[in-house]
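Student: The lines below spell out each chain.
There are 4 protein chains.
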Amino acid sequence: MPPSTPLLPDQQAEIDTLRSSPQSTLRAVAPGMEKHLYTAHAVLDHGFVRVVDYMGDDAAICQAARVSYGKGTKSVSNDEGLIRYLMRHWHSTPFEMCELKLHVKLPVFVARQWIRHRTANVNEYSARYSILDREFYIPAPEHVNAQSEVNNQGRGEVLQGEEAARVLDLLKADSDRCYDNYQAMISSDGQSGLARELARMNLPANIYTQWYWKVDLHNLFHFLRLRADAHAQYEIRVYAEAICAIAADWVPFAYKAFADYRLGAVTMSSQMVDCMRRMLKGETVTQETSGMSAREWREFEEVTQS
Amino acid sequence: MPPSTPLLPDQQAEIDTLRSSPQSTLRAVAPGMEKHLYTAHAVLDHGFVRVVDYMGDDAAICQAARVSYGKGTKSVSNDEGLIRYLMRHWHSTPFEMCELKLHVKLPVFVARQWIRHRTANVNEYSARYSILDREFYIPAPEHVNAQSEVNNQGRGEVLQGEEAARVLDLLKADSDRCYDNYQAMISSDGQSGLARELARMNLPANIYTQWYWKVDLHNLFHFLRLRADAHAQYEIRVYAEAICAIAADWVPFAYKAFADYRLGAVTMSSQMVDCMRRMLKGETVTQETSGMSAREWREFEEVTQS
Amino acid sequence: MPPSTPLLPDQQAEIDTLRSSPQSTLRAVAPGMEKHLYTAHAVLDHGFVRVVDYMGDDAAICQAARVSYGKGTKSVSNDEGLIRYLMRHWHSTPFEMCELKLHVKLPVFVARQWIRHRTANVNEYSARYSILDREFYIPAPEHVNAQSEVNNQGRGEVLQGEEAARVLDLLKADSDRCYDNYQAMISSDGQSGLARELARMNLPANIYTQWYWKVDLHNLFHFLRLRADAHAQYEIRVYAEAICAIAADWVPFAYKAFADYRLGAVTMSSQMVDCMRRMLKGETVTQETSGMSAREWREFEEVTQS
Amino acid sequence: MPPSTPLLPDQQAEIDTLRSSPQSTLRAVAPGMEKHLYTAHAVLDHGFVRVVDYMGDDAAICQAARVSYGKGTKSVSNDEGLIRYLMRHWHSTPFEMCELKLHVKLPVFVARQWIRHRTANVNEYSARYSILDREFYIPAPEHVNAQSEVNNQGRGEVLQGEEAARVLDLLKADSDRCYDNYQAMISSDGQSGLARELARMNLPANIYTQWYWKVDLHNLFHFLRLRADAHAQYEIRVYAEAICAIAADWVPFAYKAFADYRLGAVTMSSQMVDCMRRMLKGETVTQETSGMSAREWREFEEVTQS
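Just so you know, the sequences run in chain order A, B, C and D.
Going by my numbering, the first sequence opens with residue 762, and the numbers climb by one from there.
Going by my numbering, the second sequence opens with residue 762, and the numbers climb by one from there.
Going by my numbering, the third sequence opens with residue 762, and the numbers climb by one from there.
Going by my numbering, the fourth sequence opens with residue 762, and the numbers climb by one from there.
Please keep in mind that the hints were generated in silico from the structure rather than gathered at the bench.
What you are looking at is a predicted structure, and each value in this text was computed from that prediction instead of being measured.
It is possible that part of the hints are untrue.
No copy is singled out in the list; a pair is fine if it fits within one copy or between any two copies.
Using 20 Å as the maximum straight-line C-alpha spacing, the simulated DMTMM-like pairs for lysine to aspartate or glutamate come out as follows [unchecked claim]:
| # | residue 1 | residue 2 |
| --- | --- | --- |
| 1 | Lys1042 | Glu1062 |
| 2 | Lys796 | Asp950 |
| 3 | Lys796 | Asp1010 |
| 4 | Lys1017 | Asp950 |
| 5 | Lys933 | Asp894 |
| 6 | Lys1042 | Asp1010 |
| 7 | Lys933 | Glu903 |
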């Protein structure tokens, strides 16, 4: 199946029907978002992100900030300026006035990280009620990395040769065997068949699950700031990046402000601000004279140089 | 101004423009809701409720419960049955997949009760930044009641004659005087003019404020169950009732299930269930033999007789 | 290891030290709870629930409801009456004034259900950062059930004989093999060693994880109502029951009110209330004359008879 | 009444009793916090902040981050380093493991700002149920300011002479008259007496209310960052500052990290970071060559110079 359509033919047919039936509405419509509706954007080997619904647009953020009677926009440039001001000064409530609903297919170990963001609404496919499909995440060879030696919580170099091959073989074999046995246990062919709510415990964390996930724009940005970050695990970061691209089409002013004031921004501690000022006045500052720990100083150097 | 259009002419003009410009969308559209969009439903003497936006419909609840690829509906009757099942068994997450955004104008003392429901998004008109209008809630004579003698937290009989007249005179006079002095303090005519963030403290709690309020359907139902209840204060109950009428047009199946299983439902304690069963078997049960306190017994009689 | 102490000797030693060092405090102390502090109550084959900290007691609920200056208690019997009144009339905020912090060890598939309760604080052991232990949930033979034939989301009869034996063998063998391969992949012995954040994906959902979980009493009761219920999966219900026993010692009045008005209570729809009233007046009501669907009528019979 | 004891004698007596009865507990005790328990710290003319209860200390943050079995501390210096790391890298969940419960007395217009922070538990004194006291906030002369001319949402110079005197006279007179009429309306002396839930609408926003407010440390820090900020309104900032002093005694390491990485920190946009780097390399950057708007450039100059 080509990576851009990770759906089965009948699933695709249902979506095609929906996409061919535009309806009339009096609500705010975001033209850049309509093209994404229902389309499955492929992520990883079997996953996807699909926009199921959205509420609001850039203008809706301003409308709420102004508690307007009508659309409340004086001009488009005013809107962009207001949105940047709101973002810069941490006025978060107007961004909460936009809402996004996604259908996401993702490996269970990614879902477990994702769900830690509690300010969202979730309906997950139930393995108590239904039978999961035989779909497992097996990383591409270029994403099979060694444990990092400097960061307990990260990856190092890409594994090479036999070690890489062995990892991929083990992951595939264990996935397959566990799924075979899952099927064998629940089968009612010549036996009672184990309860699904029990059998699912045999499935490893690289199996795919799926859910509907609904979140407001403020909390979406918070999620993206943490998960589209270079320190996030690759397997969740690719989902965050796919959503970033969607959000940029949905609310272009808000997304640009987010990119400038959050994603690409840097928070400097009071010690860092002090050192920066001294350096701008021409003073030479070292870790010893900075008042920072070795670790903080290294982080400061990354900000000021690079 | 007639109660059905509590808007100024230019506000109405802005809204008329929006209502005359339908757009095309691929999202779910709730036909019963489109007619409410932007229309100000009058509440109390100067308040209103306006639908600014909505996400989802009855089908969207089922779609999320099934984690469907397409619309996911097999038949409309299946949808209603599923929705009633979800409501009856407290499966709340599918109802969270619908969202409502309202513009509400309401007295400050009502807003203070309303805001205690924390699971919603709010943007309120800022009296730090802007000047409030001279609009105060003065109850209609039939809603000026005495303190209840049986319920510390309720109203008794409607006040009559001179006492009622005096209450209305005092409310009007104090509102007017406080607003006159608010204006006098902030005026920059021949003086510096007091900061708005300070002057607002002179305004009584019957002044009107307004906000954008966004909430998901599950939390909306929770709000409506408490505030459309007979024990809620009249001045917030009328807002809840106006929203009930809107919700009934928006998600008719879900609203009917809510009316049957929440609004019109009764929760019986384990003692009450026990007594009911004994009575259905023909036993005569009295408070003495019920195991309930006098107060609980009175509540039980209300449920079983009425 | 006996089921009542599922801790390693050094873990037990740390806890013994804490338990032997009482300190003086001016805060509210719940005597019934002090005995539970730090003690690991065994749940399932390797899990536990430990109370790490708590805030408040029955009196604290009343103190908050009264917004008292001091302890605010006139008498203990007043406190119990107030607590029952608050519970009966869904005044939830005073119960939010008590807080519980637990350390829980539980299988991953149980953790995945548990985390859907979003109004709590969680710190989970990180398998990105650390290596998980070889501890898997293998059900006791009396808890290995067939899929229910009437309830898609439940269990039927206990499996017998060869089928049961085969299930247990498969669960054990797959757990062991997956863990062996997990170890083989992360080992740095003669190879680079796969990143932990990747290797964990090979572990099945019956592996144990652990977390700190902190929740207020209102949200704890909501969790317990759903998870100590007969319809909850056995493997999470035993955790809920262990916590029920702890809560009964911590806040005895509140727990009794919860048991009477929530756990043992029944919600009757408006149709059910109507039928009950007709039956109490002597009318014979059947499903046909009840206005209920077959399914609702069955649920009504369970309530009225049993 | 001296500002340090804004309590009535019987309230003080209740608190003195509590303070003289230490009890034994096995929970974590924060010595620096015990001295604050129940003591009313005066704020504004009649307000206060009182610590009613707390859960956890600096060590509890580390214990949760490590999901420890015991206290989990290897050494105090390790704890401080870990806390600073967690704060710097926005790992917020361990800070959620500490909890604070306050009793606060504050003017209604301050309460209305405060309550917008939704992630807290609140029980407010009910003016539906009870009668409010005659206590109004009247600003000290040095806090009666003109409207700012540069910031729509702020204050300018202190008002002088007759204008200031007139403001204070109006505030006092209106408070008194509104309260007199509130009393006249609810009085049952020779009349029925208006329901309290209605009469309260006559009271202006400078009347004092009080509530119990419970919040976890992460959300407390978020509140303090916004409300202890120079841009916050003076009347809420003094409450935030009183709470900062309490938090510094309660969790000294966490508070220090908060002060360095949040309160005293600066967030620089991607444009600002770029300009700073160019300047540190010796380039002269002006607004024209910066890529920033005039407003953003002004904010950048404040950060780099000051």
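Student: All hints are to be evaluated individually against the structure, with a verdict given for each.
Tutor: Against the structure, the hints:
1. Lys1042 / Glu1062: both (17 Å within a copy, 13 Å between copies)
2. Lys796 / Asp950: neither (46 Å within a copy, 51 Å between copies)
3. Lys796 / Asp1010: within (9 Å within a copy, 29 Å between copies)
4. Lys1017 / Asp950: Neither way: Lys1017 and Asp950 sit 57 Å apart in one copy and 42 Å across, limit 20 Å.
5. Lys933 / Asp894: within (15 Å within a copy, 22 Å between copies)
6. Lys1042 / Asp1010: neither (42 Å within a copy, 36 Å between copies)
7. Lys933 / Glu903: within (16 Å within a copy, 33 Å between copies)
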